[in-house]
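Peer 1: Each chain, letter by letter, is given below.
There are 2 protein chains.
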Amino acid sequence: MASTKDLVSEALSGSVRALAKLITMVENEMPGALEALQQLYPKTGHAYILGITGPPGSGKSTLTDKITKELRKKGYTVGIVAVDPTSPFSGGALLGDRLRMQDITNDEGVFVRSMATRGTLGGLSKATADTIKILDAFGKDFILIETVGVGQDEVDIVKTADTTLLISVPGLGDEIQALKAGIMEIGDVFVVNKADREGADRLVAELRLMLDLSPSLSPWRPPIIKTIATLGEGVAELTEKILEHRNFLERGEGLLGKRNERAREEIINLIEQEISRYVHKMLKYDMSFDEVIEQVVARKKDPYSYVRRITEPFAKYYQIYKVDKAKS
Amino acid sequence: MASTKDLVSEALSGSVRALAKLITMVENEMPGALEALQQLYPKTGHAYILGITGPPGSGKSTLTDKITKELRKKGYTVGIVAVDPTSPFSGGALLGDRLRMQDITNDEGVFVRSMATRGTLGGLSKATADTIKILDAFGKDFILIETVGVGQDEVDIVKTADTTLLISVPGLGDEIQALKAGIMEIGDVFVVNKADREGADRLVAELRLMLDLSPSLSPWRPPIIKTIATLGEGVAELTEKILEHRNFLERGEGLLGKRNERAREEIINLIEQEISRYVHKMLKYDMSFDEVIEQVVARKKDPYSYVRRITEPFAKYYQIYKVDKAKS
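Taken in order, these protein sequences are the chains called A and B. Numbering of the first sequence is given in the numbering used here, commencing with residue 1 and proceeding in unit increments. Numbering of the second sequence is given in the numbering used here, commencing with residue 329 and proceeding in unit increments.
Worth double-checking, as some hints may not be accurate.
[To be verified] Between beta-carbon pairs, the in silico distance windows are:
(1) Asp-614(B) <-> Ser-9(A): 33 to 41 Å
(2) Ala-643(B) <-> Gly-45(A): 46 to 54 Å
(3) Glu-29(A) <-> Met-538(B): 57 to 65 Å
(4) Ala-2(A) <-> Gly-580(B): 47 to 55 Å
(5) Asp-524(B) <-> Ser-216(A): 43 to 51 Å
(6) Lys-281(A) <-> Lys-628(B): 15 to 23 Å
(7) His-46(A) <-> Arg-530(B): 46 to 54 Å
(8) Glu-29(A) <-> Arg-637(B): 19 to 27 Å
[Said to hold, decoys possible] Straight-line distance between alpha carbons at most 27 Å, and here's what the computed DSS-like set of lysine-lysine pairs gives:
(9) Lys-454(B) <-> Lys-284(A)
(10) Lys-316(A) <-> Lys-609(B)
(11) Lys-281(A) <-> Lys-301(A)
(12) Lys-454(B) <-> Lys-586(B)
(13) Lys-629(B) <-> Lys-301(A)
Please keep in mind that the hints were generated in silico from the structure rather than gathered at the bench. Backbone N, C-alpha and C define an ideal beta-carbon position, used for all residues, glycine too.
Work the whole structure out from these sequences, hints included.
Peer 2: Here it is, written out as structure tokens:
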């Protein structure tokens with residue numbers, strides 16, 4: 001078996017096989033994953049992250065593929081992370097989708113990865129964030145994260161993007177309602193896909209109205225682009241708007257702000273996961289924990305007092321930490 | 329404003345208004361919420377928790393209402409917690425559903441609460457667990473948790489039930505595939521709703537096959553019940569099966585085992601949330617954290633080393649804790 005260091009240097013010199021292996025490592029939290037991320041980290045920061053979200057059936061995959069082709073035409077390399085936590089079989093399903101798009105998957109400048117991990121510590125958003133870092137270090141210019149816009153996890157994932165595309169389609173029923181879901185505000189570019197369907201213009205008008213009504217401090221006014229992804233219609237214009245938004249962010253402090261915010265969130269998550277690991281370990285060794293549980297279930301003890309007792313040293317530690325910081 | 333203690337004693341003597349207020353308190357983590365839970369805790373442990381899950385459009389709400397009526401006929405009081413994290417508007421939507429069911433909401437023996445909180449510390453599963461405790465202490469015999477079976481959060485929520493109902497319907501496409509999602513194993517009773525649709529018998533046969541193929545150590549063989557919830561057909565039989573499963577669990581160690589497991593999970597979650605609170609506080613007061621972030625974004629530092637440094641004292645603390653435990 002190749003060492004982590006070898007894998008990292010192979011990936012950095014362009015081996016797709018090593019790249020895929022590294023992603024599998026971080027996805028499954030295998031030994032060496034942390035080491036690999038640490039070694040790759042200095043090489044990251046180059047890629048531009050594009051989040052693509054919308055309800056099931058809105059044509060996300062097709063649009064992702066067409067945008068990829070547009071970016072390839074401009075000479076950019078692309079990594080695609082397709083996230084679908086609602087179905088453990090999406091790996092297969094997406095693979096099916098992708099097989100229809102042979103021209104993309106046979107393109108060396110494109111790397112596609114499906115993610116449907118659930119239940120691991122840190123879960124999907126950690127796996128996605130780590131995969132993005134690996135693709136970034138590998139040298140991809142653009143990384144497209146495609147995810148169904150349901151559930152907090154996915155909103156969190158797409159929030160980490162530099163530019164976020166919100167896709168809606170006419171005729172799904174409560175299109176606007178679905179978008180209202182605290183999701184509206186994360187959209188930088190709005191797409192009305194399947195624009196040859198009845199109701200497309202009305203949907204555009206409704207989106208425009210909602211955008212006009214939502215207060216925003218940013219001078220960026222999210223454009224609304226009509227596309228027919230299957231035919232490629234509107235995709236060139238959409239890609240231009242994406243690049244325009246990138247320029248907008250790069251001109252001001254926007255991009256740095258977004259990336260600072262992302263780093264902050266990530267560090268907090270890492271700390272919490274690490275501590276969570278210790279808590280699990282501690283409780284595993286604490287023989288009295290089983291007794292406590294029995295007493296809690298028998299209503300002889302309440303869980304809250306136990307939790308307070310167990311976390312008290314942390315409270316103290318943080319007090320000390322605060323004082324130390326103040327002194328230094 | 330009434331004190332927490334007053335609210336608790338009002339709720340315990342049957343005030344629905346106080347009950348609703350307490351739920352709002354814990355849902356929004358308002359001051360006094362923890363105190364209320366602590367006071368209520370000794371009164372809990374009586375209610376039987378029924379989890380009801382299935383894909384959108386499977387008729388969960390209707391089925392929940394019909395089962396509620398069946399339980400009411402038998403003299404049981406019922407609390408319903410309708411969870412829908414995918415839509416922040418479900419509160420309204422569910423309310424609409426509920427309005428169609430005036431006979432239930434006008435029944436004093438039934439209390440219905442919708443939950444769609446997202447983004448708070450601890451989130452939906454904590455809010456649901458706390459609400460169940462309050463309804464339990466209030467004296468409800470059965471508490472029905474209704475949730476869309478997508479996303480890890482909802483699987484976690486429904487896992488906390490004593491008996492879990494898995495609903496599927498013919499003609500949704502990948503019914504079986506959707507159930508395979510690591511969800512199959514949490515079903516104690518399977519329901520094929522809208523059983524007048526084409527494909528119902530085939531769906532039953534497929535479910536039966538899957539259940540036969542999945543290895544199980546439990547002597548409980550999950551029954552598969554056909555229902556037409558809108559007409560009330562099959563609901564009486566379904567309710568009998570639910571009660572049968574309850575008897576099964578109560579006869580053996582099953583129920584205690586489930587409740588021990590639930591208490592264990594809950595205590596671990598509470599500890600993690602509490603520690604998470606301290607971490608957030610600490611980082612808020614740590615002036616150098618902003619600098620760290622800047623250096624991480626500039627790739628002068630990697631986040632992993634910082635996380636290790638910050639969590640090191642925990643590692644040490646757990647070592648000490650382990651040694652103390654070993655001595656005592």
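Peer 1: Flag every earlier hint the structure violates by its number, smallest first.
Peer 2: 2, 3, 6, 13
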